[in-house]
Structures are given as C-alpha cells and as structure tokens.
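*Asks:* Here's the letter readout for the chains.
4 protein chains.
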Amino acid sequence: MVPAAVVDASISELVPKLSAGDILIDGGNSYYIDDIRRAKELQAKGIHYVDVGTSGGVWGLDRGYCMMIGGPDEAVKRLDPIFKTLAPGRGDIPRTPGFDKRGGTAEEGYIHCGPSGSGHFVKMVHNGIEYGMMQAYAEGFDIFKNATSKELPEDIRYDLNLPDIAEVWRRGSVVSSWLLDLTAMALTENPTLSEYEGFVQDSGEGRWTIQAALEEAVPAEVLTAALFVRFRSRQTHTFAEKMLSAMRQKFGGHVEAGAPKAK
Amino acid sequence: MVPAAVVDASISELVPKLSAGDILIDGGNSYYIDDIRRAKELQAKGIHYVDVGTSGGVWGLDRGYCMMIGGPDEAVKRLDPIFKTLAPGRGDIPRTPGFDKRGGTAEEGYIHCGPSGSGHFVKMVHNGIEYGMMQAYAEGFDIFKNATSKELPEDIRYDLNLPDIAEVWRRGSVVSSWLLDLTAMALTENPTLSEYEGFVQDSGEGRWTIQAALEEAVPAEVLTAALFVRFRSRQTHTFAEKMLSAMRQKFGGHVEAGAPKAK
Amino acid sequence: MVPAAVVDASISELVPKLSAGDILIDGGNSYYIDDIRRAKELQAKGIHYVDVGTSGGVWGLDRGYCMMIGGPDEAVKRLDPIFKTLAPGRGDIPRTPGFDKRGGTAEEGYIHCGPSGSGHFVKMVHNGIEYGMMQAYAEGFDIFKNATSKELPEDIRYDLNLPDIAEVWRRGSVVSSWLLDLTAMALTENPTLSEYEGFVQDSGEGRWTIQAALEEAVPAEVLTAALFVRFRSRQTHTFAEKMLSAMRQKFGGHVEAGAPKAK
Amino acid sequence: MVPAAVVDASISELVPKLSAGDILIDGGNSYYIDDIRRAKELQAKGIHYVDVGTSGGVWGLDRGYCMMIGGPDEAVKRLDPIFKTLAPGRGDIPRTPGFDKRGGTAEEGYIHCGPSGSGHFVKMVHNGIEYGMMQAYAEGFDIFKNATSKELPEDIRYDLNLPDIAEVWRRGSVVSSWLLDLTAMALTENPTLSEYEGFVQDSGEGRWTIQAALEEAVPAEVLTAALFVRFRSRQTHTFAEKMLSAMRQKFGGHVEAGAPKAK
Chain A
453 MVPAAVVDAS ISELVPKLSA GDILIDGGNS YYIDDIRRAK ELQAKGIHYV
503 DVGTSGGVWG LDRGYCMMIG GPDEAVKRLD PIFKTLAPGR GDIPRTPGFD
553 KRGGTAEEGY IHCGPSGSGH FVKMVHNGIE YGMMQAYAEG FDIFKNATSK
603 ELPEDIRYDL NLPDIAEVWR RGSVVSSWLL DLTAMALTEN PTLSEYEGFV
653 QDSGEGRWTI QAALEEAVPA EVLTAALFVR FRSRQTHTFA EKMLSAMRQK
703 FGGHVEAGAP KAK
Chain B
453 MVPAAVVDAS ISELVPKLSA GDILIDGGNS YYIDDIRRAK ELQAKGIHYV
503 DVGTSGGVWG LDRGYCMMIG GPDEAVKRLD PIFKTLAPGR GDIPRTPGFD
553 KRGGTAEEGY IHCGPSGSGH FVKMVHNGIE YGMMQAYAEG FDIFKNATSK
603 ELPEDIRYDL NLPDIAEVWR RGSVVSSWLL DLTAMALTEN PTLSEYEGFV
653 QDSGEGRWTI QAALEEAVPA EVLTAALFVR FRSRQTHTFA EKMLSAMRQK
703 FGGHVEAGAP KAK
Chain C
453 MVPAAVVDAS ISELVPKLSA GDILIDGGNS YYIDDIRRAK ELQAKGIHYV
503 DVGTSGGVWG LDRGYCMMIG GPDEAVKRLD PIFKTLAPGR GDIPRTPGFD
553 KRGGTAEEGY IHCGPSGSGH FVKMVHNGIE YGMMQAYAEG FDIFKNATSK
603 ELPEDIRYDL NLPDIAEVWR RGSVVSSWLL DLTAMALTEN PTLSEYEGFV
653 QDSGEGRWTI QAALEEAVPA EVLTAALFVR FRSRQTHTFA EKMLSAMRQK
703 FGGHVEAGAP KAK
Chain D
453 MVPAAVVDAS ISELVPKLSA GDILIDGGNS YYIDDIRRAK ELQAKGIHYV
503 DVGTSGGVWG LDRGYCMMIG GPDEAVKRLD PIFKTLAPGR GDIPRTPGFD
553 KRGGTAEEGY IHCGPSGSGH FVKMVHNGIE YGMMQAYAEG FDIFKNATSK
603 ELPEDIRYDL NLPDIAEVWR RGSVVSSWLL DLTAMALTEN PTLSEYEGFV
653 QDSGEGRWTI QAALEEAVPA EVLTAALFVR FRSRQTHTFA EKMLSAMRQK
703 FGGHVEAGAP KAK
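Chains as they are written, first to last, in the numbering used here: chain A, 453 to 715; chain B, 453 to 715; chain C, 453 to 715; chain D, 453 to 715.
Take every hint as true, because none was put in to throw you off.
Identical chains share a label here; the pair holds if one copy fits it or two copies do between them.
Computed cross-link-like contacts, DMTMM-like style, restricted to lysine to aspartate or glutamate with a CA-CA straight-line distance of at most 20 Å: (1) K497 to D525; (2) K529 to E560; (3) K497 to E465; (4) K536 to D514; (5) K602 to D654; (6) K497 to D460; (7) K497 to E526; (8) K602 to E668; (9) K529 to D611; (10) K492 to D607; (11) K553 to E641; (12) K602 to E667; (13) K492 to E606; (14) K536 to D525.
These are computed hints drawn from the structure, not numbers from a lab. Please read all numbers here as calculations on a predicted model, not as lab measurements.
With the rest of the complex left out, here is chain A (with noise of 0.2 Å):
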C-alpha cells in the first residue's frame, strides 16, 4: 500500500470510534492535497482534521522539534495546550531582534499555518529546502574530495582535511547549520564515508514541493535538481545516457568506455 493508503486505511478505522466535535490529528507527512479531501469527508460527519508536520528528526527528543499545523481555527485553537506542551518552548535560542512585538506562538516552536493541508504544506517546502542544502553541501565536499583529480594539473591538486572543514566552519561562519553538525559528525566518524554507498531516497515531500512550484509557476532550479540527483542516484545507468551513447556512436563513430571511474 501506498503511504496514503495507510493513512486513509487508518482513518477508516478510527472513524466509527469518533463522535461529532472530536479532532483527528495526521501527525505524518501526508500529501497536503489528501489532507484537503479527508478534512472534508470528516466535516460532513462533524469531525475536525487538524494536519501537523514536524521537524526534528530522531533528535527531537534531545534537541526539540518544531510542529506546523493546518485546521480549522477551533479546532486548533481548542488543541493549543497540548501542542505547547509538546513544543519545544523558548529555550536558550537567542530571540530573532524586534520578534517580540509580532506575537504568536512561533517562538515556542508552533504554529498555526492556516486552513486543512498547509501545516502538511509548510512541512513539504521544509524537506524540499532541506534536500536542496543537503545537495549544496554534498556538491561542495565532492569538489574537495576530487581536488586530488588526476584530471587537474599538478599544482593545484589539494588533499584535504574533510572532516576538519566540516568542524571548522562550525565555529562562526555563514554555511553553520545543524545538517552541518550532522555532517561533521559522519566524517568524523570515517572522513570517507565508505560505509555510505550513496543510494538515496526520496520520500515524496521533495517531489511535492516541485509540483507546487510547477502549479504556481515559480522556478525551484536548485530544489528541483537536488530531488533529481536522488532519482538518479538509485539507477545504475539511466535510458538517457544510453541515448547519449548511441547519438554519438551514430554521429562521431565514438565507442564509449565502459569501466566506471574509479572514485
């Protein structure tokens, strides 16, 4: 079964147990659209939906997690004591100058987004943006890991110190991120990541996030490429560089290498 599958299946159990003015709340990553036809199924049967995205990965517990919710305005409004009980609160973080005066909850790590799907919705663009800084740092560590490329002339070849790039721009510069303190941590653990074959998946967010841009006609070129290395990272060869290789057997006589480089 497909993911919302799932969820419908699960929401058609539940349903017989629930009376009219009880809240269903999606904690997953539902596709927001889905989450737009179930609150409305609900409603014809007097049952709130409320969609909650969260952010923190199995970290969250130590580090807090962020929630972002969509429903209607009651409904999330009569749930409010239990999302700032799970919210993370204030903490230590050092208060976004002139925040103060804008109210709300964000500051405790909640917020009401709007209406039925766009606390899924704002969750979907986060995994969409956090696919496209992954793929800036990884591009970025690729090009230090082949500095040492025979294809570069002798003088500019550098043997870098990975792990400590990734530790020493903790310390205060621009690209500081938790994803880098991830990163940091991984290569410190093997600066080769040899363990890691590379294989990635994608989990539907990423996917969604380039349909929004499509609806809406904004260009998304980096979040769109980071989604595609992905795809194409879980083929051995794609059909099109097979085209690639037949167009320039056809037009220049050229036979391709085969052995794979070595990395």
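Chain A is fixed; fit chains B, C and D onto it per the hints.
*Replies:* Just chains B, C and D now, kept in the frame of chain A:
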C-alpha cells in the same frame, strides 16, 4: 599528453619548415584561448595562424559539413578558394527568406567568424548546444521508457514503441533534426539500446562553453545540466551521494537500500 | 475557463448528438489524465474517444505534420483512412536504414501510440523536448551575444555575426534542425531580435512533462531548466531574488545596486 | 582595476619593504590560482605567502568567525599564535562526538588546509555552498509566497505567514541554520521584503567554484543553478529569452504578451 600539448608539439615541429607569410591551419577542436596565444606567437615570426572548427561528424563526406573560421582577414581571404572548394555549397537546402540580401559565404557552408580563436569559439558553443539538444531528446525518451514504471498507477502506464515515435517525429514535427534522424537509426537497430552502456564522455568543448558562460555572466542552465549528466554517467556513485546518505542516516536514522534500481 | 474545462464543455454539448459506436476525436493538446477520464466516461455510453496530438506548427500545410494517436484499437483502426489521408506521407525524407522491416505507419507520418491518453502523452513529451532544444540554442546564442561583454578581457571579446552562424549551421552541422531553420529566419530578419521582449509563455505540456518525470522518478534536468527559464522570464524579479538580497544584506551588509544591467 | 590586480599592486608596494623570511598574509578572497602564482614569485625572494579565507560576515566580532589557511608548513606554524588569538575558540558550541580524538585546531576555529592557495580554495567552495543554501531557502519561500497565486485552484491556496514560518523552523527543525536566523530577521522586519529589489551580485567565489567543478568533472547542479539565478537577476531579459520568443513566433505564430507578471 593533453590535446593542447599535442597541438603545441605539432606546431613546434612545423614552424622550422615555415616561412614568413605562410599560413598554418588548426582544423581540430582547440581551445580558443590557446588559439589566441598561438596566433600571437606565430605572428611574431610572420606566420599566420587560422583556426577552423568543422561540424558534420563521420557523415561529412556524404552529407556535407560546415566550417567556422577564425584568423586575420588577409590570411582567411587568401585561403578562400580552399574553403569554397571544401564547403558543401548550397545544395538543395531551402534558402532562409531574405538571406540573399545579406551576402557572404554562410550559404556555401563556411564563414569567417572574426579574429583568431573565433572559429573555434563558435565551434565550441556549437558543441555545447549539441550536448543540450542530445540531453533534451534523451530525457524525453527516458520518460517514454519509464512510462511502464511500477511507480505509476496502473491505468496511466504506457508501453510505447520508441522507434516508431522517433520515426514519426521526423515527419514534419517541431523537433525534427539530424540528431533525431540518428536517434531513429539507433532505436530502429535496437529499441532497447542494450548494446550501449551509457558511460558518456565529454570532449572539452562542453566545459569550455560553460566557462565562457561563467565569464560573461550568462545563465546557461540547460547546457550545464547536459554536461553534468555526462560527468555523473561515468561514476558508480558520487561522493556527494554518499554525503546525502550520511546526512540522512544522521538526522533520520535512514539506512539506505543498497540495490541499484533495475531498469 | 481553463482549457480542460473548455474541452469538457464541448464534449458535453456533443454527447447528446452522438450514438453508441460513434468516435469522438480530441485533436488538441489535452492532458492525458483528462483523456483517460473522458474515455472512461464516454465508453460507458458506447462512444469511443480518440486523442490525437499533432506537431507541425503553423507550417503544417506546407511542410507536413505528424500525428500521435491514442485510443482503443478498433476505433483507431476504423479511422485509419482519415489519418492516412491527413498525414504527410513519406515525401522525400530519406528513409531510416532498416525501418522498412519494422512496418507500421510511422513513415507515413502518423502512429497509434497505445490506449487512451497515449497520443497526447507522446505529444506532451514532444513539447517538453521542444522546450529543451529551444533553450539549448537560446543559451548558445546568448553566449555569442555576450562575447562582446565588458566583463571579458579585451583580447577574448568577439563581435559575432549571429545570422551567419545560424545559417552556416544549417549546412551539414550536427545541430541542424527545423528549429534552427526558424532561428536563422528570425535572425536574418533582425540580428538583434529587438522586436521581441523575451516574455515567454508555456502552454501546459512542459509542466505535465515534468510532472510525468516526477511520477516516474526520471531525472529531467534539461527539460525542467528550460521550463523554469520561461517561468522566470515572465517576472520582473522573483521573491526568491529578494530573499537573496535580504540575506546578503543581513550577513554581509551588502546593499545591492538596483539598476538592471543593460543588454 | 579588477580585484586580483588590486592585490597584485598592493603586493608590489609591500615587497620592497619585506626581507627574506618575512610572511605576507592575504586575508581577502583571492582566487587560489593567483595565490599559487604569488607564492611562487615571493618564494623566489625568500618571502612566505599565506592565504587566509575568513567566514563570519559583519557579525564576526560578536559571533566569531573561522579561518581557512593555506601556505607552507613552517610559515603557518610560525603564525599559529596569531591565528589562535584571532580565532573564536570553542565557546559553547557542542562538541562533535569523537572529534577530541582527532586533535588539531578545527575546534578552535581555524585550520591549516594545505599548501598555497588551499585556504582560499576552501573558502571559495564555502561561498559556493552558501549560494546553494541561500537559493534553497529562497525557492522554498517563493513557493510559500506564491501559494496565493490565482494560477491555483481556490481550495489549495494558502496565505502564509512567512516570518512565523522562518521563526518556527529555528526551533529544532532540520533546516535550522545561521542563514535561517538572518532570514527570520529580515522577514520579521518586513514580511514582504519590499525594500529589496532582488538584483543579486556574485562576488567571484561562486564562479570559481563551478570552474573547479568543471576541471574536476564533478557534477555541481545545485551550486551552478544558484549562481545562474544571480546572473539572471541582474537583467531585464536575456537574449536567450528573446530567442525563445522569436522561435515561438516563427513556428507557432505566438505573439508574446509583453507585460511582466505582477508579483
């Protein structure tokens, strides 16, 4: 030896046999920056250097090929009879409306582009465009090929006949081209292209084209993407992809499946 | 009304006039997902629905055009005489070697691609490829245009003759195509293209092509980049660009010059 | 004068005042290729050249900044007390697990990356990554901004609170970073960013990063896309876009609407 070094070595061998007023033609795919340097060096000896880019592939003898020429006016003018003889001539290619008023030699299949290096500069960008066009077809047919994908709902899967599609597009479609003719040939020989591995070389001009775009601050998304696909095609996995796997493991506890997706 | 709604309205008007066994042809550029839905609805009434994508532009009458057909075998077979009559036929286009052994109608200029929606699916990807090819040429000529840029060292600036380049490439080059013929026409009329603003529409098929790529997990970097250029071309500045300016101001104190660069 | 020329001129002025054994530090953002040349030239005079890239922006004094150092071991070792003093030190940044076993100075906020040029090489790629990360956020917020677009069906439009989203993501989310902190500041000041035009400079390092990727044959889709967005942001329309309009007019008779889309 890198290609540029080969050309420089050949020139060094030839120079002692040349006299002032002689013309040396580089009919390969030299980097235009090298042309400019060579032209200056030879000019000091009174020798003219003319750079000529040619396009037509292994089909040139049958189908004609065109020449893009760079170098000093006087030298290029002196060689005009040679270029006129080598060039394909007008043949039966329909004339571009109004081109008769422009004059020049373009309709004969050769042009003097400008000073030293400009012939190879124009040829270089030609190849950059070639990469982009090839990639456009390649992605389109990859989408066709994967229209049978199990990732799709069953009622929108299509099992398409790729040779037929390539062939029918040769009949008046907007995407008709010589590269499409070659694609139709390859797919007619073997609709699965199983004899091609998809390890795709790039021959220098593609990279130089992007370098020129960088220097001119021209956004060249498509030409660059086409080049990067070739870089990627020559690797089993990039270090970038291992970085992505590592980060995913760190924040989400994701353990990536290792088996490459069958195509 | 969005285009799909127009088609649905037309079908609703036609249906009362049709009887079981009649065939309804949609010869526009419908979304294949809509085709599938319509075909099912009409099938319930015994009416056959056939989707036909056509490519050839406003030149179709002179130059021929090809047809990509989707629908049930029986209905498409029944219409064969019509398609054969409308199709351009083999004309004097050189045959693809070996295609004679394949049989079928592709050489006549039309094909039956598969079940409902497949005609428009093939046409859709055709347009996606078209966007990619157009963008490849466009970037190449942009690099030529800016080869006079003051950002370049003086000795590598070239003042190139764009109509001549387009014309000479029509003579046997690897990038020769019908789109290049049209490019040569436009540049011959006016080498600066000053009558065009560069506000570029997209007509749906490009977006749907990317959506299909997303659903199939096919990396389609070039087709997507080509589409995003069009999205961008219709805006003065994106909100994304304002975000970049804002971040630059915040971390570096950069105040961006406001004047758009003259071209 | 281009920046490199300014540095070379300053060095020429300084050299007569230096003696063998002296160390000259370039603490700017020089191109590493220039560093290598300069180091060689100065080495001939017995002068050591050390290249130091710094990251931290205008906030460095408050928040700390890190240093990436290239140059001969001996010279860098001699300067160590200076770097140690300038560096931010460990502060209260949580330690990367296991880093204590690695030793070195990275945790103090400075590293010796390798021979001449390597300091600026590492800083250069840092900036390339920075462009990519900035663009990832920028595209995500652009999708939020346009979630009210009239291009969308009414029931999936959202009117989102951008400052709240940026703020809540600072609370434990996977995309938390210093750039996000700055984004939250800017959006809190003015949620529409109307004071920013979106004309975005690039300062050299981004282009050099892509050049390094080209030389190493590393696919760098995201870093390149981020750079091209900046190129594009500084133009009203590219010549490429005019080419697209011209081709569309020629094959389809399309006359493009001229009015730029209001945002």
